[in-house]
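Novice: Here the structure of chain A is known, so what remains is to put chain B in place on it, guided by the hints.
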Amino acid sequence: DAGVTQSPTHLIKTRGQHVTLRCSPISGHKSVSWYQQVLGQGPQFIFQYYEKEERGRGNFPDRFSARQFPNYSSELNVNALLLGDSALYLCASSSRGGFTDTQYFGPGTRLTVL
Amino acid sequence: AQSVTQPDIHITVSEGASLELRCNYSYGATPYLFWYVQSPGQGLQLLLKYFSGDTLVQGIKGFEAEFKRSQSSFNLRKPSVHWSDAAEYFCAVDNNNDMRFGAGTRLTVKP
Numbered sequence: 061d062a063g064v065t066q067s068p069t070h071l072i073k074t075r076g077q078h079v080t081l082r083c084s085p086i087s088g089h090k091s092v093s094w095y096q097q098v099l100g101q102g103p104q105f106i107f108q109y110y111e112k113e114e115r116g117r118g119n120f121p122d123r124f125s126a127r128q129f130p131n132y133s134s135e136l137n138v139n140a141l142l143l144g145d146s147a148l149y150l151c152a153s154s155s156r157g158g159f160t161d162t163q164y165f166g167p168g169t170r171l172t173v174l
Numbered sequence: 126a127q128s129v130t131q132p133d134i135h136i137t138v139s140e141g142a143s144l145e146l147r148c149n150y151s152y153g154a155t156p157y158l159f160w161y162v163q164s165p166g167q168g169l170q171l172l173l174k175y176f177s178g179d180t181l182v183q184g185i186k187g188f189e190a191e192f193k194r195s196q197s198s199f200n201l202r203k204p205s206v207h208w209s210d211a212a213e214y215f216c217a218v219d220n221n222n223d224m225r226f227g228a229g230t231r232l233t234v235k236p
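Residue numbers (this note's numbering), protein chains in the order written: chain A, 61 to 174; chain B, 126 to 236.
In isolation and in its complexed conformation, chain A is listed as follows (with noise of 0.2 Å):
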C-alpha cells in the first residue's frame, strides 16, 4: 500500500508570494495533520483536518490556511510568504481525527523562501 504522499518535494518561491503544498493521506485514513520543521527544531502543529472540518489549529498566523477535499487529500496554503517560513512541511495521515491513532507521516515538502 502507498503510504503518505507529499507534493513538492521542493519549492523556492520569494518573499510576498504564495504557495500551495498538496498531501495525500494513506488509503481509508479520513484525518490529515499539517507541520512545520525549520532546520534544527521539531515539528511544529500547524492544522488538523478530519471529514473535511478542522478539528486542531496551532499557533500559526492567519496566512497559514488548509483544506480537505472529498477524497480526504489535503492542501496547505500559505499567503505573503515571510523568510521565515523557510521549512520542512510534513503531513501525516491517521484513521480519525484527534492524536491517539497512530500518525504515518508523509517525507515532506522542502520550502525555501528567497
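To be clear, the hints were calculated from the coordinates, so they are not data collected in a lab.
Honestly, I wouldn't trust all of these hints.
Listed below are the simulated EDC-like cross-link pairs for lysine to aspartate or glutamate, each with C-alpha atoms no more than 20 Å apart in a straight line [what the hints assert, rightly or not]: (1) K90/A with D223/B; (2) K90/A with D122/A; (3) K90/A with E135/A; (4) K112/A with D179/B.
Some chain B residues flagged as far from chain A (calculated, every beta-carbon gap over 10 Å) [stated by the list, open to error]: (5) S143; (6) A154; (7) F188; (8) S197.
In this text, a Cβ means the ideal position worked out from N, Cα and C, and glycines have one as well.
Specialist: Frame of chain A, contents of chain B only:
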C-alpha cells in the same frame, strides 16, 4: 508555559551500549506522550506512545519508555544500540489536541 524539553541536543554511544534519551514535559495534567524517530530519507516514524496504564511502554525496534509522573518525564531507552539507530529522536505530547514536539536529540552511534 506548556513545554516539552529534551535536554540533550546530541548523544554519542558505542554500538552495543545502552541508551537513554531524556524527555520532560510541563503540563497541568498528564498528556498523551510519544516518541518519534526521524532518519534521513525515512521521514518521521512513531516508536511508541503512552496514554494510561502500565508506565513502562514497549515500542518498535527494541525501544521502551517509562512514564514517571512525579518527575514529569518520559525517557526512551534501548538496552543495546545498533548502528542503524543513528537518527534524530523527538519526544512529543498531546494535551487536548495540542500536539507539541521537543527540539530533538541527535543520536550518533560509534562502531
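Novice: Hints first: check each against the structure and report whether it holds.
Specialist: Against the structure, the hints:
1. K90/A with D223/B: The given pair, whose Cα atoms are some 19 Å apart, holds under the 20 Å limit.
2. K90/A with D122/A: 24 Å, violated
3. K90/A with E135/A: 14 Å, holds
4. K112/A with D179/B: 35 Å, violated
5. S143: 24 Å, holds
6. A154: A154/B is indeed farther than 10 Å from all Cβ atoms of chain A, at 15 Å.
7. F188: Fine: 15 Å to the nearest Cβ keeps F188/B off the interface.
8. S197: 18 Å, holds
The structure fails hints 2 and 4 (numbered hints given earlier, in ascending order).
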